[in-house]
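J.: Fit chain B to the supplied structure of chain A, relying on the hints for placement.
As you go down the protein sequences, you meet chains A and B in turn. Take 12 as the starting number for the first sequence in our numbering and just add one per residue. Take 10 as the starting number for the second sequence in our numbering and just add one per residue.
Since the hints were made in silico from the structure, they are not lab data. No incorrect hints appear here.
Chain A regions said to be covered by chain B (calculated; three or more residues, Cβ under 8 Å): (1) 154-163; (2) 167-180; (3) 295-305; (4) 338-351.
The beta carbon of each residue, even a glycine, is placed where N, CA and C say it ideally should be.
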Amino acid sequence: MTSNVNTSVQPTKDTVPEKKERASSVVKVLTTDRMWLLVVLIVLLITATAIADGLRLLVAPFTVRYLSVSLIALVPLALLALAETFVILSGRSGIDLSVGGLVSIAGMFFGSMVVDHGLSIVLAAFITVVFATLLGALNGFLVGFLGFPPLIATLATGYAFSSIALVMHDGAPYSDPKLTGMNELTAGIGPGALAIPWHVVTVLLPVGLLAWMALSKMRWGRSLYAVGTSDSAARYSAINQKLVRASAYAVAGLLAGITALVNVAQFASARPDAGTAGNGLALPAITIAVLGGVAIAGGVGKIGGALMAALFVTWMNAIILIAFPGSFGSRVQLLALGIVLIGAVLLNQAAARHQAT
Amino acid sequence: MTHTPMDTLTVSTRRAIARERRTLIEGQELVLIGVIALVWLALSFATNTFWTAGNIQTILYSIAPIAIIGVGMTAVMVTAGIDVSVGSQLAVVTASVGLILKELQWGIVSTAVAALVIGGLLGAINALLIVKGNIHPMIVTFGTLNIFRFVALQIFGDSQIPGVPGTFSFIGGSSAAVTLGIPNAIWLAILLVLLQWIYMRSYSGGRHIYAIGNDARAARLAGINVGRKLFLLYLSVGFLVAVAALVQLGAGGLVQQNVGLGLEMKVIAACVIGGTSVLGGRGTVLGTLLGALLVGTVTSAITLLGWSSELTNLFVGVFIIIAVGIDLLRQRRRARL
Numbered sequence: 012m013t014s015n016v017n018t019s020v021q022p023t024k025d026t027v028p029e030k031k032e033r034a035s036s037v038v039k040v041l042t043t044d045r046m047w048l049l050v051v052l053i054v055l056l057i058t059a060t061a062i063a064d065g066l067r068l069l070v071a072p073f074t075v076r077y078l079s080v081s082l083i084a085l086v087p088l089a090l091l092a093l094a095e096t097f098v099i100l101s102g103r104s105g106i107d108l109s110v111g112g113l114v115s116i117a118g119m120f121f122g123s124m125v126v127d128h129g130l131s132i133v134l135a136a137f138i139t140v141v142f143a144t145l146l147g148a149l150n151g152f153l154v155g156f157l158g159f160p161p162l163i164a165t166l167a168t169g170y171a172f173s174s175i176a177l178v179m180h181d182g183a184p185y186s187d188p189k190l191t192g193m194n195e196l197t198a199g200i201g202p203g204a205l206a207i208p209w210h211v212v213t214v215l216l217p218v219g220l221l222a223w224m225a226l227s228k229m230r231w232g233r234s235l236y237a238v239g240t241s242d243s244a245a246r247y248s249a250i251n252q253k254l255v256r257a258s259a260y261a262v263a264g265l266l267a268g269i270t271a272l273v274n275v276a277q278f279a280s281a282r283p284d285a286g287t288a289g290n291g292l293a294l295p296a297i298t299i300a301v302l303g304g305v306a307i308a309g310g311v312g313k314i315g316g317a318l319m320a321a322l323f324v325t326w327m328n329a330i331i332l333i334a335f336p337g338s339f340g341s342r343v344q345l346l347a348l349g350i351v352l353i354g355a356v357l358l359n360q361a362a363a364r365h366q367a368t
Numbered sequence: 010m011t012h013t014p015m016d017t018l019t020v021s022t023r024r025a026i027a028r029e030r031r032t033l034i035e036g037q038e039l040v041l042i043g044v045i046a047l048v049w050l051a052l053s054f055a056t057n058t059f060w061t062a063g064n065i066q067t068i069l070y071s072i073a074p075i076a077i078i079g080v081g082m083t084a085v086m087v088t089a090g091i092d093v094s095v096g097s098q099l100a101v102v103t104a105s106v107g108l109i110l111k112e113l114q115w116g117i118v119s120t121a122v123a124a125l126v127i128g129g130l131l132g133a134i135n136a137l138l139i140v141k142g143n144i145h146p147m148i149v150t151f152g153t154l155n156i157f158r159f160v161a162l163q164i165f166g167d168s169q170i171p172g173v174p175g176t177f178s179f180i181g182g183s184s185a186a187v188t189l190g191i192p193n194a195i196w197l198a199i200l201l202v203l204l205q206w207i208y209m210r211s212y213s214g215g216r217h218i219y220a221i222g223n224d225a226r227a228a229r230l231a232g233i234n235v236g237r238k239l240f241l242l243y244l245s246v247g248f249l250v251a252v253a254a255l256v257q258l259g260a261g262g263l264v265q266q267n268v269g270l271g272l273e274m275k276v277i278a279a280c281v282i283g284g285t286s287v288l289g290g291r292g293t294v295l296g297t298l299l300g301a302l303l304v305g306t307v308t309s310a311i312t313l314l315g316w317s318s319e320l321t322n323l324f325v326g327v328f329i330i331i332a333v334g335i336d337l338l339r340q341r342r343r344a345r346l
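Chain A extracted, bound-state conformation (with noise of 0.2 Å):
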């Protein structure tokens, strides 16, 4: 995919001296600003995809519709990604390995709620949000008050609650008809093929708005990235960085808990292990995270670069399922997720370099 990039971005170079300036500030945006970059990628991913569906090399058609269906799948994918940006931003090895956990956990709280204890789907929600908010919170005492190293807290942690999640319905889903209701929550809407799942725009946009604000209009998120870039520094200007630090894993524990809805909905019916079947979720969240331009070191990333990343590997995701007949395909998704991670790494150090020389 970077090799992609590279090609598309070379005959900038060659163009006559006078479009140069223009040309390589292009370059520099793309560069530097993750977005940007996954903009173009999707750009690039989708041409290509259409290209091959013209040559008919596609197990399936390449359709507008299966671009929009297939949007389903980045929900949970970019509400976690959001979760991992908040902490990984908050500076001092930051990571949240529990998310997988809670999503697990949460998800079953809610069935418990709606199924044994006939709460409403509304108020059974509301709750559900709070409760996984006090468990991102306790991850947060751990790192940010006690001083535990964030990826041993909450890989103890999600241990913890992967674990609950299994043994609190002894290992058995929650199934009943008020939660597959739910899953009229992710039905298309829309004109024709354009119908994209409605929890797309009830959920994530909001939550993403939201986000995106909270850390660039509002004196929290403004904090987060001084906790994120130097403690010290944090401190003598007056911000309590313990609690800033504490309150961005508490974020990421509202967001697994919406996510654990999510998937309730789309599943229709709570599953002990929706978080941490196969590899889990926090894995692919962390990644995205990081493809999106969230330094792992703290204080550095946006909300606008974890949104493109987890679109671009939703779609990227989709195309290989069309592109690669069977279980190979599955197996090609893996592989593309960690190349296109190490390839965005590599490039923006590639980038970093050309501007210091």
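T.: Showing chain B alone in chain A's frame:
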């Protein structure tokens, strides 16, 4: 150990430092030995099957792969690095070795060499990207976690590998592969742990690992070839994964596609419970071995007590919090000295 210049230290602190250097076992390890002894004592009262040779051997065999990979992981984590791709590495080696044994019927030596070559290759890829590409180890190994899993699944094709011959049964989990009442696999793990323990403790090359973890820049200025050291450490993880794969393959049989899934978390948990700091600069392989032993004991205990096996991870999580919490308290006390 301390960042304070020597000349400003009081006599008593200097003595304390000297004492710490002399002791063979560090504080975290003592705590762990105590905890393990307590759990064992409790289990011997609560069950009458815990202290049977068969059960102890099963526990020990189950922790052998974790301890063996932990030998490399501990060193990597002491440099403030990490390798989360070990589970996928293990899958690649196990799948290829399974096919080699089944289809080509190679002997012990040639298969072992093949395993080490494959493991070393995977380790070298990580090492190259981390050292030459200058990318954060966590990002690299998150990437290769996916890539190596793809490779493993390609080797599997669309099916599991049944009927792998038991060429390596002498280090496998059967009751025959036991010497002096202890599984051969754990003897192998103990040997590797001892070698690494002596190296990291008493050789300048081993001390350099700690120096890099405390301050990589200072280590470079002090004349340590940081890049080369890191390369060799990530390479060693690949070799050790190969050994662990042979142990896990052991008596042969069925190799499933989910082999090694989640293994990285178990190894990291063993390291951390054993007192290795993910921030670098601290940790011993002896602690990792004890950490693996505690995890193995808890897993076995839950089965013996008739509890749901899903509870295992809850206890592992709680033990991680307790172990790291105690370590944080001790650090705070040491900082106050």
